[in-house]
Structure formats: structure tokens, C-alpha cells
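Heads up: the sequence lines are chains A and B, in that order. With my numbering, the residue at position 456 of the first sequence is 456, and numbering never jumps. With my numbering, the residue at position 74 of the second sequence is 74, and numbering never jumps.
No wet-lab data here; the hints were simulated from the structure. Please note that the accuracy of each hint is not assured.
[To be verified] Calculated cross-link-like contacts (lysine-lysine; reagent style DSS-like; alpha-carbon spacing at most 27 Å):
no.	chain 1	residue 1	chain 2	residue 2
1	A	K378	A	K389
2	A	K209	A	K129
3	A	K197	A	K129
4	B	K304	B	K253
5	B	K253	A	K378
6	B	K304	A	K378
Source: prediction; values computed, not measured.
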Amino acid sequence: MSTSSDTLAAAPPAVELEGITKRFPGVVANHDIRIAVEPGTVHAIVGENGAGKSTLMKILYGMQRPDEGRIRVHGEDVNFRTPSDAIAAGIGMVHQHFMLADYLTVLENIVLGAEPRKGGLLDTAGARKRINQLAETHGLRVDPDRLVEDLGVGDRQRVEILKVLYRGARILILDEPTAVLVPQEVDELFANLRELKAEGLTVIFISHKLDEVLSIADAITVIRRGTTVAAVDPASVTARQLAELMVGSELPTPETRESTVTDRVVLDVRDVTIQRGAAKPLLEDVSFPVRAGEVVGIAGVEGNGQSELIEAIMGLQTLSRGRIVLGEDDITTWSTLRRREAGIGYIPEDRHRQGLLLEAPLWENRVLGHQTREPARKGIWVNRAASRKDTERIVAEYDVRTPSIDTLALALSGGNQQKLIVGREMSGEPKFLIAAHPTRGVDVGAQAAIWDHLRTARAAGLAVLLISADLDELIGLSDCLHVIYSGRMVARLDPSQVTPEQLGGYMTGAIAEEQS
Amino acid sequence: MMPARLQRTLLTLAGAVVAVLLAVAISSIAILAAGASPITALEAMFDFGDTQAQVATAVAFILNRAVPLFIAGLAVAIGFRMNLFNIGIEGQYRLAAIVAAFVGSQFVLPGPIQITLIIVVAMLVGGLYALIPAVLKVTRGVNEVISTIMLNYIAINLAAFLVRGPFTGEREAGQLTTSTPQLPESAWFPNLNFLFEMFGLPAPRGGLWGFLIVAILVGVIIWVVLERTRFGFEVKASGLNASAALASGVNPKRMVISAMVLSGAIAGLIGMPEILGRTHAYGSNFTAGLGFLGIAVALLGRNKPVGIAVAALLFGFLDRAAAPLQFADIPPSVIAIIQGTIVLLVVIANEITSRVSMRQEERRAARQLDTTSQAQAEVAA
Numbered sequence: 001m002s003t004s005s006d007t008l009a010a011a012p013p014a015v016e017l018e019g020i021t022k023r024f025p026g027v028v029a030n031h032d033i034r035i036a037v038e039p040g041t042v043h044a045i046v047g048e049n050g051a052g053k054s055t056l057m058k059i060l061y062g063m064q065r066p067d068e069g070r071i072r073v074h075g076e077d078v079n080f081r082t083p084s085d086a087i088a089a090g091i092g093m094v095h096q097h098f099m100l101a102d103y104l105t106v107l108e109n110i111v112l113g114a115e116p117r118k119g120g121l122l123d124t125a126g127a128r129k130r131i132n133q134l135a136e137t138h139g140l141r142v143d144p145d146r147l148v149e150d151l152g153v154g155d156r157q158r159v160e161i162l163k164v165l166y167r168g169a170r171i172l173i174l175d176e177p178t179a180v181l182v183p184q185e186v187d188e189l190f191a192n193l194r195e196l197k198a199e200g201l202t203v204i205f206i207s208h209k210l211d212e213v214l215s216i217a218d219a220i221t222v223i224r225r226g227t228t229v230a231a232v233d234p235a236s237v238t239a240r241q242l243a244e245l246m247v248g249s250e251l252p253t254p255e256t257r258e259s260t261v262t263d264r265v266v267l268d269v270r271d272v273t274i275q276r277g278a279a280k281p282l283l284e285d286v287s288f289p290v291r292a293g294e295v296v297g298i299a300g301v302e303g304n305g306q307s308e309l310i311e312a313i314m315g316l317q318t319l320s321r322g323r324i325v326l327g328e329d330d331i332t333t334w335s336t337l338r339r340r341e342a343g344i345g346y347i348p349e350d351r352h353r354q355g356l357l358l359e360a361p362l363w364e365n366r367v368l369g370h371q372t373r374e375p376a377r378k379g380i381w382v383n384r385a386a387s388r389k390d391t392e393r394i395v396a397e398y399d400v401r402t403p404s405i406d407t408l409a410l411a412l413s414g415g416n417q418q419k420l421i422v423g424r425e426m427s428g429e430p431k432f433l434i435a436a437h438p439t440r441g442v443d444v445g446a447q448a449a450i451w452d453h454l455r456t457a458r459a460a461g462l463a464v465l466l467i468s469a470d471l472d473e474l475i476g477l478s479d480c481l482h483v484i485y486s487g488r489m490v491a492r493l494d495p496s497q498v499t500p501e502q503l504g505g506y507m508t509g510a511i512a513e514e515q516s
Numbered sequence: 001m002m003p004a005r006l007q008r009t010l011l012t013l014a015g016a017v018v019a020v021l022l023a024v025a026i027s028s029i030a031i032l033a034a035g036a037s038p039i040t041a042l043e044a045m046f047d048f049g050d051t052q053a054q055v056a057t058a059v060a061f062i063l064n065r066a067v068p069l070f071i072a073g074l075a076v077a078i079g080f081r082m083n084l085f086n087i088g089i090e091g092q093y094r095l096a097a098i099v100a101a102f103v104g105s106q107f108v109l110p111g112p113i114q115i116t117l118i119i120v121v122a123m124l125v126g127g128l129y130a131l132i133p134a135v136l137k138v139t140r141g142v143n144e145v146i147s148t149i150m151l152n153y154i155a156i157n158l159a160a161f162l163v164r165g166p167f168t169g170e171r172e173a174g175q176l177t178t179s180t181p182q183l184p185e186s187a188w189f190p191n192l193n194f195l196f197e198m199f200g201l202p203a204p205r206g207g208l209w210g211f212l213i214v215a216i217l218v219g220v221i222i223w224v225v226l227e228r229t230r231f232g233f234e235v236k237a238s239g240l241n242a243s244a245a246l247a248s249g250v251n252p253k254r255m256v257i258s259a260m261v262l263s264g265a266i267a268g269l270i271g272m273p274e275i276l277g278r279t280h281a282y283g284s285n286f287t288a289g290l291g292f293l294g295i296a297v298a299l300l301g302r303n304k305p306v307g308i309a310v311a312a313l314l315f316g317f318l319d320r321a322a323a324p325l326q327f328a329d330i331p332p333s334v335i336a337i338i339q340g341t342i343v344l345l346v347v348i349a350n351e352i353t354s355r356v357s358m359r360q361e362e363r364r365a366a367r368q369l370d371t372t373s374q375a376q377a378e379v380a381a
């Protein structure tokens, strides 16, 4: 497992997390996390979005306190109350979104908050000397007198790293550092990281880009559903195996069931392209039909165009090219409201962001998205009585565990919130449903229930587009599976025939498009 | 089912009461610092006069002051409810008041029609003036806070120009201020002095403005619109979670336009009680600053009509106390200190109580559902 047993014997781990658990109302964000990071290594932590990586890093950096568990730095127990405590212990964090002041120089940004003083004034000369020294020893070239505003993304990141080093950090946490970089910049960053490692610093590298992780990491810990599921040696693992660990490796034999797929196309996506400026298209010539009684699954590593596809169908993104047809109607130019009224249901990928009014009672959440339709509406009025009654129905039919329909949505657990959303989106006889990560962050009981509801609706003739990162879910529910990679549909697969290797190969781009 | 809501309401009320008491305590320190006794000050504030006539006048003063503040609070609240900050109430109501006062002076019709027309003009002007920042926001992305503040200056100076120039009326000999032409008598809103007579009190000096009735009516309508209609639901949804509202088919541009125009139209009414009830013209000494006070009143009233009414009455009560305080040799600026601290403390109290009530809600739900089994299930996953 570990890269070098010598260091293990010689020194205690730079960072050791033991049994870290963090609960938020309704969800367990982290459970029994165990990680040991050897000093002088690059240790990668990988997991899907929402697996709990960010919470874990916030705990390690003192931004949040764990409910249970112990953190040891160089063998000593620590208890971080604020990030300052973490910094004092030699831990520094480079955030995914840079925290720099645009109108200050590189030097000013680096010393900001830790200014060296000389006779009450900023000791610019001293600071410059130290920064140049740090930059030289770690190979982080950057001109201290330039305005941050004028710097490119790669340079800004180096400034962030220097800022952390300037405060004396010996352990660096990098949160998704490559998300904003182009490939050449990634190479430069990795060269920098190797240099830091050579200087004896420890780097914790958070990512979900597997090829990058494999090229830079000395050790990898995989997180899934809030807990550490594996510690692996990058030399002895492939990207596909890693992907399987991330999303759940045990692929169930898809249950034999009668196909309910009809030949009536409900939603037809034709040559949909979304391009912003001269950049690479976010979606390129995506076409597929969804038929009544069919579940079409979209597999892909997150960030390959799934969100844009959903938003295109919901009318939240304008298309650069292509058409979307619902039944007989070309809905390409329709508003979101009109699309919903025409029978599109939407289970959003992030229920707190797009699906709920957390500070409103459940029955008002029932109205959301249905405010123009029966039973929620009566002329210009919200039909409170009918909405409440229908909320009672959803609560009963979908087993939403709640004290009452007047309870605020925020008081419910993730699974119950999701069941409410599923119930809401299934009401009003939708023709077509987008289910984006319908069981993300919900407990197993709710997961099974939601799957059952989707199967029942499919049998009743609903057309479903399922976007998920969970391969079990995709294979178990879909009648037809598409793989999206880098904004393009690269493969159309039969879920009853597909092997995990195949799927992983297409998802990571290892197998180029052959049969799309 | 009601207890949860009742508890939330009680908690809010308790928070407000504590905030007011704290504000009184803090203000007492200010009064002591000014070399006076807080007890004397309190007595002066609650001293409505010795004769019945004085009491009636005091009550009428409070109500007459509270009415425009209430309307201003409503206007602000409509925008605040969806995180749309219409800071331009000040300009909207002043421009609306002068245009309505001038237009109303140009014709004579039977009372109800004349008054209705003047009110409609005021609402139109207020609404149209608020349309400018709304259109700038939805087409160019201009922040409404900036644009409404800047439009205030334009409106205030435009009104000052109009009252001296195109809209100016005849000035009586010896009169120092300029004003628009007097409204015909048919536009004078009847007063409500009979209410005092019903309680056996003499009619107050200056009279109780009849616009109080209109204000109550507007308050009820706004409550119904915000709490019961589809539009109100969309306003609420946009305020609570803009991206969820968008994904649910609420058109954010349409919402910005309609909420802003409605807010401006209500703002147009702010000057009406004074113009229709007392001055019968827009003069250069027209009451200013109501738009900004409206922001404080809306904050204090938690953007809810009933709360805003209470807040407006509180402010009216405090404003009346300025004169008696002066008689008691206490600087009347104490009132401004009290108002300021109340607003600040109530905002803090609101934040605390809403957090506490949310946490309570979570705990209650957890308790009722025995989530332990569920938590275990999640852990097992």
C-alpha cells in the first residue's frame, strides 16, 4: 500500500486522520475517515463530487470541527479551532477559487495578513528577499512586483502556493488545483509539486481527475459516500480500477426485466451544441431520442457536459446549434415554464440549489415548479388547500418522513427531501423526466425507494433521462446507455452487455469513439 | 400542525421585544451622557398632554406620521422580499407627489373621481420611475442599489426644479416658499376626526388624515398579494432561492420588472396623505426622507405588512416624543439614537431568532422521526 516502508518506520505520518466523522443536519458528510499521509510525499485524495472531500479538507484546515475522530500532525494530537491553528501547525491550503486581491502586487498579496514590519512600516525589501528565496528554492518563478490582475491562472496559483509557503507551511493542501488550468499549466504545476516534495514538503492533492492523480501521486486514498474506501498504490492501479473504486465497483447483474420501451419518441435531442466564445464547445452535436417507457442513462465523469445538457433541455441554457423536440413540438425556444407545463419533470443534481426552498414549509415546496398548474394554482391564487392536500398525498405515497407538511424543508434529511422532490416531479403526469443524480447523498432505504418509483413510472410510459455518477444505478435502471466525454457522446451501449472495463474506458477517454 | 408556526412567531416577537428593551437601555446611557434623566425622558415620551384636546392631537400626530411610513415600508418590503433593493423610494415618492399634485390642480371633478385620479397619477409616476432601474438591471445588469440611489438625486433635483419652474403656482404676498397650485377642494381627502368624537374626545388640531383608510386597504391588498397569490409565491421563491425559482420556471427578468414597478407604484402613495390631507399642494417644505425611513421600517417589520404597521406606529410614537423631550430639556436627537439602536438591534435579533427557530425545527423533526435508525442506514451505505 505505502510507497516506502522505510519512511513509515522512520518518521510518524505528516498527517494522520483517524475515525473522522462529521454530521450535518440530515446528512453524514464524513464517516470514519482514516488517512495516513507520509511526509515528503504527494498524497492524492480522490472521490466524486459530493463524496465528502471538501468537508474533510475543511476539517483538516480548521474551518470545521469534526464530531468524532482524531487528527495527528507529525505524530502529535492537534485540535484546530480556526485556520490560524492549522497554519501554526504548518498546514497551508490552496483553495480551488483563488483568494487574491487583484489590485495588489504579488508581493503585497503574499505578505497580506502576515506583513513583516520595520519601524512600523511594511518591510518591502525584507519581504522581497524572502519571497525570492522561497521562489528560487521551490522553483516557483513569479515577479513579486507585478499586479495580480495582470497574471494568468497558472501564475496566480503559484502566488497562492507561495503565500502558503511564506507562512511557513510544510504541509500543503491543494483543492482541485488543476480544475482551472490548461494542460501545459498542469505540467508546470506538477513540476512545482515534485520540487516541493524534493524539498521535503508534504502535499495533499484533492482531485477527481484520475489520469492526473496517477501521474503525480505517491499514494492515493479513495473516498466514496463520505468514507475512505481504499488506500492504493498508484503504481499498481489503473484509471479504470480507480474509477470503479470511486463510483462503487460491484456492478450488479442487471436484473432481468421486461422492456417497456415503446417506439414513440417523447424527447428528441438533435445536434445540440453549446459553445461560449472561441473555447472548446461545452456540448458538441449531441443527439439522442428518449422513448416512452424508456430510461436513457448518461454515464460520464463529472464535468464532461452533463450539467449543460440538463440545462439545455430545461431551457436554462441557450443552444448555439441544434434542436430539442418534445412529442410533436419543437421546444428549442420555449421558456423553462412552458417546458415544465408541457410535461417535463426535473429532479435536479443539487437539490438545495435548484430543487427546494429550504426555509419554506413542505407544502410550499410542493407548489414550486407547479405554481402555474393544478392543483397548486387557482386563477391568480395559490390554491393552498389543494396544495396542502396534494402534499399530504406525496408524503404518504413516497414515504416522506416528516412531522407535518408545515415543517420547513431544511429540517428533513437528504433522503426525505429527495423523496419529496421525486414525488413533486412525478405529479401532474409528466411525459418526460430528467433525473440527475437522483439518489446522491441519500440513505440506502431512500435510494431503493426512489429506484422503485422510477421503475414504476417507466412502466407507466414515462420517458426518463438518467444522469448519474453511480454505475450501479445507471446499469440497473437504464434501457440504453450513452457515454458522454468532453461534451460529446462517445458511445451508445447496451447496459445488459456492458462491462465495467468498457464503461470506464469510454468515460475516461481511454477508448476513443468507435461506434457512436 | 399550528404549534410549529406559533412557536416561530412567538420567538420572533420575543426577539423584537428584547431588542426594543435593549435599545431603550442603550438610549438611556445616551440620555445620561447628555446630562438628563432617562426616567424623565420616558415620562416625557409617554406624556400625551393634560387636556383631552392635547391627547387627541398627540394620537392624531402619531397616526399621521405612521401612515406614510407604513406605505414607505410596504414599498421597500416588496423588493426586499426577493432580495431586490429598491433604495429609490425616496426619489420615486417625491417625483410622484409633485406630478400628482400638479396634475390634480389642473382640473375639477367630483371628489372621489378627482382623488382617485390623483392617486392613479402618483402610482403611475412612481411605478414608471422605478421601471428605469428595473430595465437597466434586466437588460444591462446594472445593480439596482447603485442606479436607484443615483436616480434619487435626479428625482429630488427635478422636483425642486419643477416646483420653482413649470409646476409652480401663484404665490401669495408675503409667502416665502414656492409650491404647486392649490388642489381644488374636491381633492381634499376628508379627515377622520369623527373617530375621536366617537370616543368622546375633541377633534385633534390639524385633524386625522383620512388617507389612513387607504393605507390600511393598501396594506391588506399587499398582504394578500404577497401571501396568497401566485405572484407573491414567485416573489418569495425568488427571494429564498433564486436558482431554484429559475429552474422552476419563474422568469427572473419579469419578476424584477414587476416587483420593482409595484414597489415604485406603492412608493408613489407615500406623499399622498400629506398632499391630500393637509397641504393640498407640493411645496418646497414637503416632508422629505420618508423613503429612507421606510427602509428602517421595513427592516423592523421583517418585510411583513403587520410588522411594518407596528414598526411605523413605533416610529410615529417616537417622532412625536421629540417635542415633549425638548420641553423637558432633553436633546430631541435622543429619538434618532433610539430609532437607530432599535433598527440595529431588531435586525440582529431577527437573525438570531431565525437561526434558533431553524435549529429548533431541525431538532423537533429529528426527535419526532427517531432518525437514529436512518442515520445508521446512511452509515451502512
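Consistency of the hints with the structure:
Simply put, A:K378 and A:K389 have alpha-carbon atoms about 14 Å apart, close enough for the 27 Å limit, and the pair holds. Straight-line distance between C-alpha atoms of A:K209 and A:K129 comes to about 37 Å, which puts the hinted pair past the 27 Å bound. Between the alpha carbons of A:K197 and A:K129 the distance comes to roughly 23 Å, so the proposed pair stays at or under 27 Å and holds. Pair hint B:K304 plus B:K253 holds up; C-alpha atoms about 24 Å apart against a cutoff of 27 Å.
For the suggested pair B:K253 and A:K378, the alpha carbons sit about 24 Å apart, so the restraint of at most 27 Å is met. Note on B:K304 and A:K378: the hinted pairing holds, with a Cα-Cα distance of about 24 Å set against a maximum of 27 Å.
Violated hint for the displayed structure: number 2, the only one.
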